[in-house]
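Residue numbers (this note's numbering), protein chains in the order written: chain A, 1 to 346; chain B, 1 to 424; chain C, 1 to 47.
These are computed hints drawn from the structure, not numbers from a lab.
Treat each hint with caution, since some may be false.
Claimed, not checked - Below are the SDA-like pairs computed for lysine to any residue, each with C-alpha atoms no more than 20 Å apart in a straight line:
hint : chain 1 : residue 1 : chain 2 : residue 2
1    : C       : K28       : A       : A265
2    : A       : K159      : B       : Y424
3    : A       : K165      : B       : V422
4    : C       : K28       : A       : K46
5    : A       : K46       : A       : R142
6    : C       : K37       : A       : G303
7    : C       : K29       : A       : G261
8    : C       : K37       : A       : I215
9    : A       : K223      : C       : R32
10   : A       : K226      : A       : G303
11   : C       : K37       : A       : G300
12   : C       : K37       : A       : N221
13   : A       : K154      : A       : G42
14   : A       : K298      : C       : K37
15   : A       : K298      : C       : K29
16   : B       : K30       : B       : S41
17   : B       : K210      : A       : G274
18   : C       : K28       : A       : D262
19   : B       : K135      : A       : D63
20   : A       : K165      : B       : R351
21   : C       : K37       : A       : V219
22   : C       : K37       : A       : E295
23   : C       : K37       : A       : T224
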Amino acid sequence: MRIVHYLNQFFGGLGGEEQAGAPLEARDEAVGPGRLLEQLLGADAKVVLSLICGDNYAVEHQDTFIAAALEKIRAANADLLVAGPCFLAGRYGVAAGALCSAVQSKLGLPVITGMARENPGADLYRETLYIIDSGESAARMREVLERMTQFAQKLMAKKAIGSPKDEGCIPRGLIRDQFVERTAGERLVDMALAKVRGEPFESEMAPAAFAPVPIPPPVRNLKTAKVMLITDGGLVPKGNPDQIQASAATRWGSYSIKDRGDLRAEDYEISHGGYDPQFVRLDPDRLVPLDAMRELEKDGAIGELCDEFISTSGLANPLSNTRRMGREMAERAKSLGVDAIILTST
Amino acid sequence: MSLTLAIHPISEICFDAATCLDDSTLRVDKDELGQIVLQDSRIESVQFEIVRPGESCRAGPVFDIVEPRAKEPGASPDWPGVLGAPQTAGTGTTHVLQGVAVTALREQSPGESRGATGYILEMSGEAGAGTHYAKLHHLVVIPHTKQELPLSARHRAYRLAQLKVAVHLARTALLLQPVRSEVLETSIGADRANLPRFAYVGQIFSRQRKPEADESILYGADTDGMLPTLLDPNEWLDGALLPSYHASLGGAETYFYQNHPVITALYRRHQARELNFAGTVATIASADNFDRERNTRFAANLVKWALNANAAVLTKFGGGVPHTDLSETARLLECDNIKTSVQVTDLARDRRVESALLFNFPEVDAIVCIGGNSTHWTLPRVDRVLAANTGFAELLAGPFEIDSLNVIGVANQQGASRLRSVMY
Amino acid sequence: MIGANRLVLGNGIVHVVGDAHISVDEEKKLRRQLVEKALAALQSDGK
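Chain A on its own, in the form it takes in the complex (with noise of 0.2 Å):
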């Protein structure tokens, strides 16, 4: 077995913080915790490419750090990569989520890392990767390689691979359907009594913790600030040009306003179904306030209004897509150079 093990600098003994910049190197024998790597994989594994990077390189180089790394792994005619496990370390564990992805997708080969649950990493990448829970403490090493060893034998021998509690993964946030032999009535039941006789229970669905976003400074002066208009009520220019789905939209675009006082009827529709248009669709002000906007611009209340809107259809539209969405339209308002955007939410 031909492993390629992936280290920062701290773990591939090229010194602390003050080598985080070190660009990639590449060992041709274990390494720091891989040795025990390859001890614990068995007489036949060997550790034959050790890819050493710094923190700060891989991070601001992640191009350049994957396509070489791509490279010398293709090289290298590896079975399996191991990345860390990278523990607590963020920009560590980023580093590994992003080399362990492009490793599965363009080399198709099995890969295996492991990080703390907080680490920004496995936010990142716990959908795309098979993510062994490492806790925060380097001290357990020793248990953390055993068990990224024992899943890379699973994966390697094409053996089923059972839920996260078994395995010891981070769970991938991921859902499927299961039959069972109890109704939901019985089992709702069963939960309540558990509950009230303070027994554990196990919970079929559990709500998502959400990292808080910073709420950004008050505008400062808002009688200088560009401001932009940004809906997601699915107002979209007749013929509905970008094709924003009414529903789960993937998209959204951003319409010229330049010179319009308003927003009259017959240049728009609506690409929405979660709510009743028909009073948009005869005044598109009613959504997205242009005329209100021009008056307040006219008399100086704000420095200016952004020549563009920007609309997407907001109806059953999970975060892996408004979250893209969101910081996709974010980077057009700063191209803009807009100060400050009101969103008319339906």
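Please build the complex by placing chains B and C on the supplied structure of chain A, with the hints as guidance.
Just chains B and C, lined up with the frame of chain A:
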């Protein structure tokens, strides 16, 4: 209140010269049934079909499924408020033709979230294995209503026809000895005082839509303007309740009011002396935030003050808005140290845990999720397809792809589902 | 709502910054008021 269910298990239905119960065979006079249904001038003609459990047969779109039951005189009439005076249901003796379902079909697709086919009855194969309804003997009723009728009139016609047929069939058992009897009552003597008191809070309608003309939900009333109300468990089982014409999402059928999975489970644990079944609250999902605050508090107060409960089990009727009423009611109960479990439907179309719930209350942590969005079937060609017109018959002939949520009984908001979500 | 503190209540789902049941002039006034509330929120702390 004490209700006696006189159970007559049925092993076969067949058409015959007269309607009667012959041991465990239900014989049905088709013409007589036809005459009963055609008393309603809104219905021009009607077909009846018999379907056996496990048969290679499919029917749809399904309007509703009702278990044939008939009450002995001396208590409330059958379907009080709909077929008779609105007297309190849940006492006396009710005869049950167990193992039988009267299944009525629609002439038009219900549209909404269940697409072109609406709910399909699937009696065999992988899909059939996922629903209790495939195990029953069905008397399928296919009414053909007058052309120009508004939809609400059609719905009313289907509703009455189906209930009348179900009662007529069950009346064959009235003078016969049941194979066994069940007595349902929730007396809580002093010797049980140490057991936890349990309440069931069930939504019976959602204000996301206005009730249709003549839509009967609770003793024939349509719930418009209703505030949450106390009901004895037996009232749910014995004809006080009918589902809305628009079930959406997980689905709700009269059959599972009569055989209510949550109430049945609570009764079982009550009889096993694990809990005291203190009672139930029937509630509605709200039209807006203001309405929600009023309704959820009202329901929670009834559980707290009138039922004096230690725990509550909650279900909903409808989609995301009712989901919010459900979670808010549970949260209020948890604030008063009343332990809750709640049943939600599968909202996560993208199969991610983060998309599954619209609430995040740490105390509302006992959640049953009936899943469904990950399961799809290719329904094969079957020997028989029952539908009101050739359009639907062709649509349902197969093979075609179907979401599990479109097969009646697979997901169900009354607690009948054996499907669950697994997080991984 | 998860952390969206600069939140202004609109006039209903079907006409967030409008009203179909009042005169055109009254509606314009209402719209301006709602937008002004939004601008005030942009200048507030958002807590």
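Here is how each hint holds up against the structure:
no.: 1; hint: C:K28 to A:A265; in the structure: 16 Å, holds
no.: 2; hint: A:K159 to B:Y424; in the structure: 17 Å, holds
no.: 3; hint: A:K165 to B:V422; in the structure: 12 Å, holds
no.: 4; hint: C:K28 to A:K46; in the structure: 75 Å, violated
no.: 5; hint: A:K46 to A:R142; in the structure: 18 Å, holds
no.: 6; hint: C:K37 to A:G303; in the structure: 17 Å, holds
no.: 7; hint: C:K29 to A:G261; in the structure: 16 Å, holds
no.: 8; hint: C:K37 to A:I215; in the structure: 18 Å, holds
no.: 9; hint: A:K223 to C:R32; in the structure: 16 Å, holds
no.: 10; hint: A:K226 to A:G303; in the structure: 6 Å, holds
no.: 11; hint: C:K37 to A:G300; in the structure: 16 Å, holds
no.: 12; hint: C:K37 to A:N221; in the structure: 16 Å, holds
no.: 13; hint: A:K154 to A:G42; in the structure: 14 Å, holds
no.: 14; hint: A:K298 to C:K37; in the structure: 18 Å, holds
no.: 15; hint: A:K298 to C:K29; in the structure: 16 Å, holds
no.: 16; hint: B:K30 to B:S41; in the structure: 18 Å, holds
no.: 17; hint: B:K210 to A:G274; in the structure: 16 Å, holds
no.: 18; hint: C:K28 to A:D262; in the structure: 12 Å, holds
no.: 19; hint: B:K135 to A:D63; in the structure: 58 Å, violated
no.: 20; hint: A:K165 to B:R351; in the structure: 19 Å, holds
no.: 21; hint: C:K37 to A:V219; in the structure: 14 Å, holds
no.: 22; hint: C:K37 to A:E295; in the structure: 15 Å, holds
no.: 23; hint: C:K37 to A:T224; in the structure: 18 Å, holds
Of the numbered hints listed earlier, those contradicted by the structure are 4 and 19.
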